[in-house]
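Trainee: In order, the protein sequence lines correspond to chains H and X. In terms of the working numbering, the numbers along the first sequence are unbroken and rise by one, the last being 200. In terms of the working numbering, the numbers along the second sequence are unbroken and rise by one, the last being 200.
It should be emphasised that the hints constitute simulated quantities derived from the structure, not laboratory data. Any given hint could be a false lead.
Note that identical chains are pooled: a pair holds if it fits in a single copy or bridges any two copies.
[Unchecked claim] Computed list of lysine-lysine pairs in DSSO-like fashion (alpha-carbon distance at most 27 Å, straight line):
| no. | residue 1 | residue 2 |
| --- | --- | --- |
| 1 | 144 | 92 |
| 2 | 163 | 48 |
| 3 | 34 | 157 |
Because the structure is a prediction, the values reported are computed rather than measured.
2 protein chains.
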Amino acid sequence: MAKKIITISRQFGSGGRGIAKEIANRLGYDYYDKEIIDQVAEESGFSKDYIEELGEHAPGKTTFSYGFETHGVPGVMNGMSTLDYLWCSQRKVICDIADKGRPCVIVGRNADYILRDRDDVLNVFIHADEEFRKNRIIEYGETKGDPIKVMNSHDKKRKSNYKHYTDRDWGHSVNYDLCLDTGRLGIEKCINLILAAVES
Amino acid sequence: MAKKIITISRQFGSGGRGIAKEIANRLGYDYYDKEIIDQVAEESGFSKDYIEELGEHAPGKTTFSYGFETHGVPGVMNGMSTLDYLWCSQRKVICDIADKGRPCVIVGRNADYILRDRDDVLNVFIHADEEFRKNRIIEYGETKGDPIKVMNSHDKKRKSNYKHYTDRDWGHSVNYDLCLDTGRLGIEKCINLILAAVES
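With these hints in hand, go ahead and build the complete structure from the sequences.
Mentor: Following this line, the structure appears as structure tokens:
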């Protein structure tokens with residue numbers, strides 16, 4: 001049976017988001033990326049801006065940051081830090097999406113870890129070397145500032161967030177069914193490999 | 001252009017060796033696994049047993065082990081430790097194989113790192129969870145002792161050896177073009193995905 005749920009985790013600038021969208025289009029699957037933010041906002045009561053900015057953060061290491069996160073939001077919700085509460089809301093939204101039963105592609109948000117025990121999920125990690133990603137970032141012109149600093153900053157947060165909430169190494173092959181280097185293989189080949197992996 | 005050289009790195013018991021052999025058969029590529037040991041023996045002057053046992057080791061951390069490795073072989077060859085000399089011999093053999101120009105599959109031996117700058121190489125990492133690998137080890141009955149201990153011992157040495165000689169994390173997706181979980185995808189699907197990745 002074909003995999004009903006595909007999670008795409010990715011390095012910044014590797015093309016993972018575009019690949020996810022294309023896979024969803026070609027398969028006729030639902031697509032969840034920033035759409036999840038809307039649902040998490042509803043679930044948690046936080047603003048979309050807050051969720052978008054901090055959804056990939058890991059809690060800081062000090063009591064100060066634990067109690068006093070950003071935007072003046074109280075540091076504790078239901079007995080947990082706001083970041084932990086946000087993570088739990090995100091987790092619930094992702095589980096609900098999976099349980100709905102409709103085939104879908106989900107981008108990021110530790111969905112690979114959250115859905116790791118399901119047999120109907122294909123967990124994919126997309127990556128490429130720094131040069132390839134830097135050139136893509138410049139080409140698409142969507143990012144302000146030094147592309148290398150921007151990509152490293154994003155990936156560092158994803159890595160910390162992943163480690164904190166899953167105790168795993170973000171991007172290590174053992175955490176995914178399929179890992180693909182878009183720079184070495186090419187975007188189109190990566191799409192085709194994922195489609196082949198999804199088939200029964 | 002199709003990739004002419006495929007390197008297969010793998011966790012013990014994941015089926016990587018069998019996949020490598022099958023890929024070589026289906027593509028009509030030369031196959032290098034223990035065959036490399038014969039060439040390294042010729043190149044280095046070491047015995048095949050020594051190469052097979054220690055080819056995946058990393059040097060120990062103490063001056064004692066640096067000077068006095070095993071089998072009574074002198075601790076220093078051409079100004080380097082015997083393990084370093086062995087690694088250099090292995091590297092030369094692998095480069096010579098690649099430069100011959102004949103399409104081939106190479107198993108292990110840090111070939112992915114050694115050939116990393118070539119455009120005609122596909123670097124693959126094969127892995128699976130502990131349960132899958134333990135069951136395969138028991139099924140094939142080739143390993144004596146507790147399968148979990150055996151697999152972890154082999155992989156620990158591979159990881160140390162890789163880290164020591166490449167300064168990279170063995171099995172991390174960023175070091176390979178394609179990583180595949182044989183337990184989750186199935187052996188046959190992994191073979192087909194590699195064949196698809198090799199094609200131009």
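Trainee: The structure should be examined with respect to each hint, and the outcome stated for every one.
Mentor: Hints and how they fare:
no.: 1; hint: 144 with 92; in the structure: neither (33 Å within a copy, 45 Å between copies)
no.: 2; hint: 163 with 48; in the structure: within (24 Å within a copy, 42 Å between copies)
no.: 3; hint: 34 with 157; in the structure: within (17 Å within a copy, 42 Å between copies)
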